[in-house]
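There are 2 protein chains.
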Amino acid sequence: MLTAKSGIKTLEKGSIVTPEGFLAAGMHTGVKRKRNDLGMIYCDVPASAAALYTQNVIQAAPLKVTKQSIAEEGKLQAVIVNSGNANACTGKQGEEDAYTMRHAAADVLSIPEHRVAVSSTGVIGLAMPMDRIIPNMKHLDLQMDQEAATAFNESILTTDATKKSTCRQTVIDDVVITMAGSAKGSGMIEPNMGTMLAFITTDAAIESDMLQLALKEVTDQTFNCITIDGDTSTNDMVLAMASGKAGNENLTPEHKDWDVFVEMLQQTCEDLAKMIARDGEGATKLIEVQVAGAADDQQAVQVAKTVVGSSLVKTAAYGADPNWGRIIAAIGRSGADVNAETIDASVGPIQLLENSQPLAYSETAASDYLQQDTIKLTVDLNAGDGVGKAWGCDLTYDYVRINASYRS
Amino acid sequence: MLTAKSGIKTLEKGSIVTPEGFLAAGMHTGVKRKRNDLGMIYCDVPASAAALYTQNVIQAAPLKVTKQSIAEEGKLQAVIVNSGNANACTGKQGEEDAYTMRHAAADVLSIPEHRVAVSSTGVIGLAMPMDRIIPNMKHLDLQMDQEAATAFNESILTTDATKKSTCRQTVIDDVVITMAGSAKGSGMIEPNMGTMLAFITTDAAIESDMLQLALKEVTDQTFNCITIDGDTSTNDMVLAMASGKAGNENLTPEHKDWDVFVEMLQQTCEDLAKMIARDGEGATKLIEVQVAGAADDQQAVQVAKTVVGSSLVKTAAYGADPNWGRIIAAIGRSGADVNAETIDASVGPIQLLENSQPLAYSETAASDYLQQDTIKLTVDLNAGDGVGKAWGCDLTYDYVRINASYRS
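Residue numbers (the working numbering), protein chains in the order written: chain A, 318 to 725; chain B, 318 to 725.
Bound-form chain A, shown alone (with noise of 0.2 Å):
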């Protein structure tokens, strides 16, 4: 039997339909060539609504419309996606343009506007084609099964190889919680910059000033630290929604499983970031980095988004070369806390460095094990106690082949 002690499951057939009171639905309008480019998450009753978007100071039109919705009641029932056309830097038309996708899905499942959030991701400054989006909503086609999460989760991507999708369940008062994500990556449909997207449902009972409170805690430390390319689209969210249909007592931080809660919901963005991370533009790899023994959490987390970052790292381990004077030269650039002659560091099982020397080791074992399309690194300062990891992705040809071809 399922309880908190035991754990939290992961439900390899689960979706985001899979928790209590949520349809989707995806289909194809021709803002894209072949993909589905139109997506709906509904629940069947006013959820809890958590939210947050990119830092860019830039900010896509449908942030606004979004964030208004929110402010609202902290409620939502729907929210409505695009993919083609990021409907960012086009000016008023471009928010007369999220009002009015707003408006259309609110009308179409009978509901008030400020219970919808509505997200883009595309090509930037074109004019969004209301033509195929607006005519087209009435044709979503909500259902609860696999299908319809599938044709949600397609919905959602512009040049990202693979859809990416997570569940999870938990027992808290002794009901079944359930929590499901999607989320699209790094991609475009012209040569554009990528955007994330990522869309938690859970059945849980939580309040949305708390769903926010937790969902800024692991954004911090799962879609907060991965890192594509180092530039920040001006049209990423990440959104949850908590139907509260599993009937739990209310989550807060003083309830016993509040933990739990948090870390199902940590596990939940991990997974969809590590996702994302594996499926940056022409990535071959995931990179994990693992930092120990920094003087705090934060320092950890940013030598380990430094190192994963470096450009020369990203070809290194493209080109499985255990080039340990490149990490080494990340961590002294990454304005944390340092001393030069205390680093460990370890590909895989295999350890490169000790105080900062290089010790003997196997260049073809290291080699062999940055062959591998996962890949750890695993860095100790030794200088104190913070722990942190950040992920990411090999630079490859065909990063450049993707942002070098011509927009047609």
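Certain hints may be false.
Treat identical chains as interchangeable: a pair holds within one or across any two.
List of simulated lysine to aspartate or glutamate pairs, DMTMM-like, C-alpha gap at most 25 Å [as the list claims (entries may be wrong)]:
{"hint": "1", "residue 1": "Lys392", "residue 2": "Glu524"}
{"hint": "2", "residue 1": "Lys381", "residue 2": "Asp661"}
{"hint": "3", "residue 1": "Lys409", "residue 2": "Asp526"}
{"hint": "4", "residue 1": "Lys455", "residue 2": "Asp614"}
{"hint": "5", "residue 1": "Lys573", "residue 2": "Glu587"}
{"hint": "6", "residue 1": "Lys591", "residue 2": "Asp614"}
{"hint": "7", "residue 1": "Lys409", "residue 2": "Asp697"}
{"hint": "8", "residue 1": "Lys409", "residue 2": "Glu680"}
{"hint": "9", "residue 1": "Lys330", "residue 2": "Glu580"}
{"hint": "10", "residue 1": "Lys384", "residue 2": "Asp361"}
{"hint": "11", "residue 1": "Lys480", "residue 2": "Glu464"}
{"hint": "12", "residue 1": "Lys409", "residue 2": "Asp661"}
{"hint": "13", "residue 1": "Lys351", "residue 2": "Asp614"}
{"hint": "14", "residue 1": "Lys381", "residue 2": "Asp654"}
{"hint": "15", "residue 1": "Lys480", "residue 2": "Asp537"}
{"hint": "16", "residue 1": "Lys381", "residue 2": "Glu658"}
No lab work stands behind these hints: they were computed from the structure.
Take the given structure of chain A and dock chain B to it, following the hints.
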């Protein structure tokens, strides 16, 4: 006749030995396979010296030794440089080796050890091949002709495609002042991090603290405004030596032509910085980003560096794609005070954006412009009087090839 008023003249055939008092040499000792790998600049009088070093916490042994030399009395007579081995992360032995290089150079020249600077560039973490460097030092053939300067310029390169040198003259206090510089950029013997080295010679009379003041000021606007891949080497060094042989009055900020001197130093450093950027690993073109209308100059530089360092802007430049969405997104994440509604942007003479809205422009003309080997991107934030520039290069297949090839 050349006067301070008439400005600063470029000497196409000048080199680091053109300023009075300087000699140079370069030779092949076998640290590198083919090209020169050991070089020296010598001044026949003690020269006022100033230097700036990498901001990486991990610093190579020669930097420590050079700092000690200059700290002694602010004077240098020689700098000994090797390429092929960075003498970084080489522990106690590396430190001893750097001191041994200094000692050997002082011995050959019959000058005090503290008048010798040491500089190294190349692979990290390998023991210095002292058996090649030390016995050959006495074979360095110091001369004051162009050939010797060229031999030196080659001796500091790693995988740079081109030698980098510049020379200028002006008149201060009715005497001709000459200034020259040599540099190397981002490259490597084996795929390891690149190092930026720059050596500047002048026959101007100026005390070392004033030279340091001027060097710091212009470095912040030149060398610190280039980015190849965002990685900072353990070995970066900019070193200036002033022989005083021109016979002008000592230059200080109170001297009527101080600004002319600083301008000449600025032009010298900017020349070298642009040469380094253009010769970035795998680069096919130089990108210059000019920012106006920032809250202050520092923020302008911050925006310029963020744009020129963006992998998406760099790949767009390679693909000759006037993809302004990437420019505006980089501006938005730069951390500078930016008004999302007031940004103008142009590629070369073609304006793409006004008040953050796309203008009607010819994509073909913009793409044609981006095919050139020098690209200017100009941005006006319309939010203040701050101006700044930064330089970088495109991101190409060759960058990945160079850095992903396994060391062998």
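Do the hints match the structure? See the list:
1. Lys392 x Glu524: within (9 Å within a copy, 69 Å between copies)
2. Lys381 x Asp661: Between copies only: 23 Å across, 45 Å inside.
3. Lys409 x Asp526: neither (31 Å within a copy, 56 Å between copies)
4. Lys455 x Asp614: neither (48 Å within a copy, 52 Å between copies)
5. Lys573 x Glu587: Within one copy only: 23 Å inside a chain, 62 Å across chains, cut-off 25 Å.
6. Lys591 x Asp614: Within one copy only: 20 Å inside a chain, 39 Å across chains, cut-off 25 Å.
7. Lys409 x Asp697: between (51 Å within a copy, 21 Å between copies)
8. Lys409 x Glu680: Between copies, since 24 Å is at most 25 Å while 58 Å is not.
9. Lys330 x Glu580: Within. Shortest intra-copy distance 20 Å satisfies the 25 Å Cα cut-off; inter-copy 67 Å does not.
10. Lys384 x Asp361: within (21 Å within a copy, 70 Å between copies)
11. Lys480 x Glu464: within (13 Å within a copy, 61 Å between copies)
12. Lys409 x Asp661: between (53 Å within a copy, 17 Å between copies)
13. Lys351 x Asp614: neither (44 Å within a copy, 47 Å between copies)
14. Lys381 x Asp654: between (38 Å within a copy, 19 Å between copies)
15. Lys480 x Asp537: within (23 Å within a copy, 45 Å between copies)
16. Lys381 x Glu658: Classified as between; 14 Å across copies, 48 Å inside a copy.
Consistency with the previously given hints fails for numbers 3, 4 and 13, ordered from lowest to highest.
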